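K.L.:
Sequence:
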Amino acid sequence: MVEKFRHAIKKEILYYLLILLILALVMHSDLLNDPVARLQTMSEKGNYTHPFLYAFAIYATILIFRKIIDFVVGIFEKKSN
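If you want this note's numbering, it's the 1-based position in the sequence shown plus 23.
Calculated directly from the structure, the hints in this document are not laboratory data. One or more of the hints may lead you astray.
[Stated by the list, open to error] Lysine-lysine pairs mimicking BS3-like chemistry, simulated, CA-CA at most 25 angstroms apart:
#, residue 1, residue 2
1, Lys90, Lys102
2, Lys27, Lys101
3, Lys90, Lys101
4, Lys27, Lys90
5, Lys90, Lys34
6, Lys33, Lys90
[As the list claims (entries may be wrong)] Here are the simulated distance ranges between beta carbons:
#, residue 1, residue 2, range
7, Ile92, Ser66, 32 to 42 angstroms
8, Leu86, Met50, 14 to 24 angstroms
9, Asp93, Asp57, 33 to 43 angstroms
10, Leu76, Asn56, 21 to 31 angstroms
11, Ile91, Val59, 33 to 43 angstroms
12, Lys34, Leu54, 36 to 46 angstroms
Model, not experiment: these values are computed from the prediction. Don't be surprised by glycine CBs; every beta carbon is placed ideally from N, CA and C.
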């Protein structure tokens with residue numbers, strides 16, 4: 024039971040980090056060219072938390088849709104048995 028929970032947590036963390044990386048690259052394409060300049064700009068402005076908040080909002084939205092789809096699929100699987 025604990026191992027299943029650990030696996031689920033690791034999978035969800037991987038999803039979150041993947042969303043964070045994709046959003047960072049889409050919103051700030053200069054990260055690929057000059058990441059040090061982007062980090063210095065972020066440091067000067069003091070806006071450290073906004074990437075994590077945006078990624079969490081997208082992650083939460085996707086999670087809600089995933090759970091709704093799992094629920095609907097679960098209903099149809101129970102009916103077919």
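K.L.:
If any of the earlier hints don't hold here, list their numbers in rising order.
P.N.:
Per hint list: single violation, 12.
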